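A.B. asks: Protein sequence lines, in the order shown, are assigned to chains S and B. 98 is the number that our numbering gives to position 98 of the first sequence; each next residue is one higher, with no gaps. 243 is the number that our numbering gives to position 243 of the second sequence; each next residue is one higher, with no gaps.
You may find that some hints are simply not true.
Stated by the list, open to error - Here are the computed lysine-lysine pairs in the DSS-like style, where the Cα-Cα straight-line distance is at most 27 Å:
| # | chain 1 | residue 1 | chain 2 | residue 2 |
| --- | --- | --- | --- | --- |
| 1 | S | K334 | B | K99 |
| 2 | S | K266 | S | K158 |
| 3 | B | K158 | B | K334 |
| 4 | S | K99 | B | K99 |
| 5 | B | K158 | B | K253 |
| 6 | S | K99 | B | K158 |
| 7 | B | K253 | B | K334 |
| 8 | S | K266 | S | K253 |
| 9 | S | K158 | S | K334 |
What the hints assert, rightly or not - Residues of chain B clear of chain S, computed beta-carbon distances all greater than 10 Å:
| # | residue |
| --- | --- |
| 10 | D34 |
| 11 | G127 |
| 12 | T139 |
| 13 | L305 |
| 14 | P325 |
Hints listed in this document are in silico derivations from the structure and should not be mistaken for laboratory results. This structure is a prediction, so every number in the text was calculated from the model and none was measured. We put the beta carbon where it would ideally sit given N, CA and C, even for glycine.
Protein chains: 2
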Amino acid sequence: MQHDEFGLIRLLTGDRQQADGMRSQGVVVGIGDDAAVTALSPGMQLVASCDTMTEGIHFLPVTMRDEDIGFKAMASNISDMAAMGAKARYALVALSLPKDADTEQIRRIYAGLYECADLFGVAVIGGDTTSTRGGIVLTVTILGEVPAGRALLRSGAKPGDAVFVTGPLGGSAAGLSYLLHRGTDAALWGELPAETAELVRAHTRPLPQAAAGELLQRTGLCRALNDISDGLASEAAEIAEASGVGLLIAEEKLPLAEGLRACAEKLAADPLEWVLYGGEDYQLLGTAAEADLAALREAFSGEGLPLHVIGRVTAAGEGVRLQRPDGTVQPLPKRGYNHFAAK
Amino acid sequence: MQHDEFGLIRLLTGDRQQADGMRSQGVVVGIGDDAAVTALSPGMQLVASCDTMTEGIHFLPVTMRDEDIGFKAMASNISDMAAMGAKARYALVALSLPKDADTEQIRRIYAGLYECADLFGVAVIGGDTTSTRGGIVLTVTILGEVPAGRALLRSGAKPGDAVFVTGPLGGSAAGLSYLLHRGTDAALWGELPAETAELVRAHTRPLPQAAAGELLQRTGLCRALNDISDGLASEAAEIAEASGVGLLIAEEKLPLAEGLRACAEKLAADPLEWVLYGGEDYQLLGTAAEADLAALREAFSGEGLPLHVIGRVTAAGEGVRLQRPDGTVQPLPKRGYNHFAAK
Chain S
1 MQHDEFGLIR LLTGDRQQAD GMRSQGVVVG IGDDAAVTAL SPGMQLVASC DTMTEGIHFL
61 PVTMRDEDIG FKAMASNISD MAAMGAKARY ALVALSLPKD ADTEQIRRIY AGLYECADLF
121 GVAVIGGDTT STRGGIVLTV TILGEVPAGR ALLRSGAKPG DAVFVTGPLG GSAAGLSYLL
181 HRGTDAALWG ELPAETAELV RAHTRPLPQA AAGELLQRTG LCRALNDISD GLASEAAEIA
241 EASGVGLLIA EEKLPLAEGL RACAEKLAAD PLEWVLYGGE DYQLLGTAAE ADLAALREAF
301 SGEGLPLHVI GRVTAAGEGV RLQRPDGTVQ PLPKRGYNHF AAK
Chain B
1 MQHDEFGLIR LLTGDRQQAD GMRSQGVVVG IGDDAAVTAL SPGMQLVASC DTMTEGIHFL
61 PVTMRDEDIG FKAMASNISD MAAMGAKARY ALVALSLPKD ADTEQIRRIY AGLYECADLF
121 GVAVIGGDTT STRGGIVLTV TILGEVPAGR ALLRSGAKPG DAVFVTGPLG GSAAGLSYLL
181 HRGTDAALWG ELPAETAELV RAHTRPLPQA AAGELLQRTG LCRALNDISD GLASEAAEIA
241 EASGVGLLIA EEKLPLAEGL RACAEKLAAD PLEWVLYGGE DYQLLGTAAE ADLAALREAF
301 SGEGLPLHVI GRVTAAGEGV RLQRPDGTVQ PLPKRGYNHF AAK
């Protein structure tokens, strides 16, 4: 890389560090000093997390363009704020690149980061750009705020609660599967059919459920919440373990991403596998008391947001289970999804 | 890596996530949910930054043990808080490791991270551990707090100010130089002579000047402040540029790390080169009005902290200059230090 630290900052941040724009987002000192200084709103608690995306593990050149890498790294972090019922406000970006990376590639990654940050009102207040042996490593740290005592945890689910998700599932895994097949199958290249394009977009440009997360916090009706980064089965297990309950999911109530069945048929894949284990859908999975469900549905429909009830909370000993369409019930084991494993 | 996410968290954090200990540090929700929740003290602003250390760039197997890598990554971030006059409170750790890394190595890196965090009262509230092609990439994001409006920036230096540093310089570069020579010279292995051990320690286990940074903020007498991560010449240039001033540094007033001259002689190196361009000393470089200097000295001596006046602030057009012992004055160019360049 040919730029010094400040040349690089100017290249990446352009006119974004101007005082007026940053001040309107509560930024007192932006990028360019030893650290950034910001003000939280009165009565708010600070919510913080970080997520790393690494080349070869979370993405491959055939699955994600540079802009997508930036966009998705920001999106997955904003999703963690939504999963706490918090509003994402600030981000810090640590980008490590191979020594032969050019500044144009850095600019593209940052363009994607900023595109997502702008969509959700997040100000990038700090970062570090370094060289590394090996592939791209991108860590975003996200800072948000939530009214004191109102963060939505995984641990509040109670037997009898309804289990809900905020949108369609399986799309990201289907899109990834399509991209991986395309990587080795020239016949799949060319313009994407509309439905496939949506699935690919679910993988490369996922949209965190920021509005739904904040709404769940405001209503006070959500007892446990997670975002679906590792797959429905895994996230359900986390709620079950943290809350000391079981979860019974009804297969036929699961909202499938549009075009999922057609894509599965084309790729000879199992759409249910994508829905349960695919992950990276960044929808929210939560529970609420049955008695509050009508009010919750009304709040969601008032904001034009979908809400799908997919099951109910049961006693602890029962674990996480799946009710098949024929009525039989089977355990839903928590297991990981190896993104780049050969099918 | 054989552990799942939660197994790994348990391994790394041991009993550190227990509610009582975390709560005393203002942590409402620690590691284990989608994000951590913390409370800032009333009237405080949030200060945030991140720093990455990558294998092959910031360290080599011959220069740093795993525990040192963790310790130094935490230390360099706490130093950024000190450079803002802020108190470091929380950290998030993103660790990317080669696929063949074992959990014992991860544990050692975390042991170093925690050793430093504990020394300075920092709570680790979040993190992500991932695989990567290539070497270790370790990003720490540090969160601190400072009374509203009291952060110490680079931009407040005024002509006539005294320029000070908080402690000895050059030690880290000397220690690194010794370690690099030792890496290829069997005669240098074996028990380190005491003075060399201190220099090596300055490189592998630097101590951020947290107490001095907070004191400078409390006194209200510091006009501009930086930490010396990239070398005195470079940090002086940053203050000069941000403040629109020049700086004149007196060579004979520079406090040299103990044993620096002897080490330079042994390695046929120039100790002044280490002092001016070595970096990673993590001392603070600042300015204060001449009229406030007596009060500042008294405040420092009251806390048992050293303070060395090394020059004065001049007019903008004069840039950063060095006054040699013979009285001649020469420009002090800002240039990087290539840690692993052949001497």
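A.B. asks: Could you tell me which of the numbered hints above are not met by this structure, giving the numbers in increasing order?
C.D. replies: 2, 6, 10, 11, 12
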